[in-house]
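Residues per chain are reported as follows:
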Amino acid sequence: MVETLRKIFLADLLTGLWVTFKTQRTSNIVTEQYPLERPRVGERFRGAPRLNNNPENGETLCIGCDLCAKACPENLIVVGTERNKETRRLDLTYFTYDLSRCMFCGLCEDACPVDALELTQDFEMASYTRDGLIWDRQMLEEGPRPTPYTR
Amino acid sequence: MTNHLETSEMVLNMGPQHPSTHGVLRLILKLDGERVKSIECVIGYLHRGVEKIGENRTYAQFAPYVDRMDYVAAVSNGLGYCLAVEKLIGIEAPPRAQFVRVIFAELNRIASHLLWLGTSALDLGAMTALFYTMREREDVLKIFENYCGARLTTHAFRIGGLQYELHDTFEAELLAFCASFPARLDEYERLLTQNPIWVDRLKGIGILTAADCKAYAVSGPVLRAAGLPWDLRKAQPYSSYDQFDFDIPTGQNADSYDRYLVRIEEMRQSLRIIRQALDRIPSGPILAKVPKVLKPAPGEIYSSIEAPKGELGYYIVSDGSLQPWRLRVRPPSFLNLAALEKMAVGALVADVVAIIGTLDFVLGEVDR
Ligand code: SF4
Ligand code: SF4
Numbered sequence: 001m002v003e004t005l006r007k008i009f010l011a012d013l014l015t016g017l018w019v020t021f022k023t024q025r026t027s028n029i030v031t032e033q034y035p036l037e038r039p040r041v042g043e044r045f046r047g048a049p050r051l052n053n054n055p056e057n058g059e060t061l062c063i064g065c066d067l068c069a070k071a072c073p074e075n076l077i078v079v080g081t082e083r084n085k086e087t088r089r090l091d092l093t094y095f096t097y098d099l100s101r102c103m104f105c106g107l108c109e110d111a112c113p114v115d116a117l118e119l120t121q122d123f124e125m126a127s128y129t130r131d132g133l134i135w136d137r138q139m140l141e142e143g144p145r146p147t148p149y150t151r
Numbered sequence: 152m153t154n155h156l157e158t159s160e161m162v163l164n165m166g167p168q169h170p171s172t173h174g175v176l177r178l179i180l181k182l183d184g185e186r187v188k189s190i191e192c193v194i195g196y197l198h199r200g201v202e203k204i205g206e207n208r209t210y211a212q213f214a215p216y217v218d219r220m221d222y223v224a225a226v227s228n229g230l231g232y233c234l235a236v237e238k239l240i241g242i243e244a245p246p247r248a249q250f251v252r253v254i255f256a257e258l259n260r261i262a263s264h265l266l267w268l269g270t271s272a273l274d275l276g277a278m279t280a281l282f283y284t285m286r287e288r289e290d291v292l293k294i295f296e297n298y299c300g301a302r303l304t305t306h307a308f309r310i311g312g313l314q315y316e317l318h319d320t321f322e323a324e325l326l327a328f329c330a331s332f333p334a335r336l337d338e339y340e341r342l343l344t345q346n347p348i349w350v351d352r353l354k355g356i357g358i359l360t361a362a363d364c365k366a367y368a369v370s371g372p373v374l375r376a377a378g379l380p381w382d383l384r385k386a387q388p389y390s391s392y393d394q395f396d397f398d399i400p401t402g403q404n405a406d407s408y409d410r411y412l413v414r415i416e417e418m419r420q421s422l423r424i425i426r427q428a429l430d431r432i433p434s435g436p437i438l439a440k441v442p443k444v445l446k447p448a449p450g451e452i453y454s455s456i457e458a459p460k461g462e463l464g465y466y467i468v469s470d471g472s473l474q475p476w477r478l479r480v481r482p483p484s485f486l487n488l489a490a491l492e493k494m495a496v497g498a499l500v501a502d503v504v505a506i507i508g509t510l511d512f513v514l515g516e517v518d519r
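Line order of the protein sequences matches chains A and B.
Position 118, counted from 1, in the first sequence is what our numbering calls 118; the numbers after and before it change by one each time, with no gaps.
Position 290, counted from 1, in the second sequence is what our numbering calls 441; the numbers after and before it change by one each time, with no gaps.
Source of the hints: derived by calculation from the structure; they are not laboratory data.
Idealized CB from N, CA, C, for every residue including glycine.
Just to be clear, a hint being listed does not mean it is correct.
Each computed DSSO-like pair below joins lysine-lysine, with the alpha-carbon atoms no more than 27 angstroms apart [as the list claims (entries may be wrong)]:
1. B:LYS238 with A:LYS70
2. B:LYS440 with A:LYS22
3. A:LYS70 with B:LYS203
4. A:LYS70 with A:LYS85
5. B:LYS443 with A:LYS70
6. B:LYS440 with A:LYS70
Partial chain A-side listing against chain B, Cβ under 10 angstroms, derived [what the hints assert, rightly or not]:
7. VAL30
8. VAL41
9. PHE45
10. GLY58
11. GLU74
Make a model of the complete structure from these sequences and hints.
Encoded structure:
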């Protein structure tokens, strides 16, 4: 009897439709509209590397200690330094970072004693060439410039 | 005159690109009609030589690589590795770090089981489950991302404890997840547990008895579905697991359906552990005193944990240098996969898909 009534009033169909409509609320939408909207990644996200400059005088924070290169399991950081005769300190001459082999483990960032090297929240690092993935010091200081997306 | 048609055995290649082999597994099936007469696994398509890489890296440097073995349960891999090295150098992580590790390992168990549930339901034709499980898995991955900056290959723990202190919104995120997840689990169960198609495709399929499990060294949910309550978290507690109250779900029939039930129940138990750990999380340091340069004394150790897929062990031989002399991983997936032949011979081709699904292996870990 109950079974027949359920059939007449399409109870199962309605239950099914209810499930469908229940998930139609905007608060339940989980799809991200990338690239129209850039997703907000976590604050600690390990993405594109950046070599930080001192905000006051624009000089690099890096002291050329080579610790990041030693910490990296993939050996992909090359730090070039030169001893400055006057200040007797190491001056950074070049800094290359091979993104194509980086696995964003964060060990280099942890090793840096002065927070010069940092993995940032940028994640748009694609390049058409392998060479484009080898970042030099200028690229590391400026960060990636992804093409803006337009419709 | 005979009516028999001329039938002969057929050799069928399943994979390495078959979607239901979950990665790059190639199966050579010898078929008699629809019945599987013999089955041969061809592995190694994803071989990266992780163990060899380990011999050429320092102990700290190797930690990110273990995430790439079982990439759906990277946190557990990392935990196993950190515990193994800690055992080798004779230190222990501080209590706070242990609790945080437990929380993340259990979250990862949930994420891993969710991915398993979604994909194997998809293989068997129940597509809806995938969307639901992926939604919940996203919540877990978001917590990982906010905590350590990566979603999949997390590198969340360091030898001796943790690198990162818990982020500010951690508790709120975790509480929200704990509050919503039980209802979601019930939702999956409403979708699948009584679903006649699901039950028909899993009940009595791929039976692996407890004795066979032992013979093949199968561990994890597959073993527990055969009725053996063997769980390393209880059998040899590590990382403060002895301080939590949880049950080990077991099955009786040792078939695919029981494996499904065991995993669903395991997610509930994981949630229980997470709640307890969150309530009682002690304060204090998160990193033990670890020498800057890790140079363990010569020796060898084996240390294992209960990863979502079974017993994950690390065997490390140190010769007193900066790098391990030998590093061997005992991957649960590889040993569980070995039992596939036992389960699948005599079954139908379509059942092989169900058996592969409920065995739950990850080829990244099988091949390493
Ligand atoms: S993130 Fe890891 S792999 Fe990449 S440069 Fe830093 S240490 Fe090397
Ligand atoms: S560790 Fe930091 S300071 Fe040292 S070389 Fe690397 S980026 Fe420069």
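How the hints compare with the structure:
Between LYS238 (chain B) and LYS70 (chain A), the direct Cα distance comes to roughly 25 angstroms. Compliance with the 27 angstroms bound is thereby established for this hinted pair. Of the supplied pair hints, the one linking LYS440 (chain B) and LYS22 (chain A) is violated, its CA atoms being roughly 52 angstroms apart against a limit of 27 angstroms. Between LYS70 (chain A) and LYS203 (chain B) the CA atoms are separated by roughly 20 angstroms; this keeps the pair inside 27 angstroms, and the hint holds. Of the pairs offered as hints, the one joining LYS70 (chain A) and LYS85 (chain A) holds, with about 25 angstroms between alpha carbons and a cut-off of 27 angstroms not exceeded.
For a cut-off of 27 angstroms, the pair hint linking LYS443 (chain B) to LYS70 (chain A) stands: about 13 angstroms separates their Cα positions. As the CA atoms of LYS440 (chain B) and LYS70 (chain A) are separated by approximately 21 angstroms, the hinted pair is consistent with the 27 angstroms bound. Among the interface hints, the one on VAL30 (chain A) holds; its C-beta lies about 5 angstroms from the nearest C-beta in chain B, closer than the 10 angstroms criterion. At a threshold of 10 angstroms, the smallest CB-CB gap from VAL41 (chain A) to chain B is about 7 angstroms, leaving the interface hint in force.
Annotation: PHE45 (chain A) was flagged as interfacial toward chain B, and the flag holds, the nearest CB pair being 5 angstroms apart, inside 10 angstroms. A distance limit of 10 angstroms between C-beta atoms decides the matter here; for GLY58 (chain A) the minimum to chain B is near 27 angstroms, and the interface restraint is violated. Restraint check, GLU74 (chain A) versus chain B: the minimum CB separation of about 9 angstroms is within 10 angstroms; hint holds.
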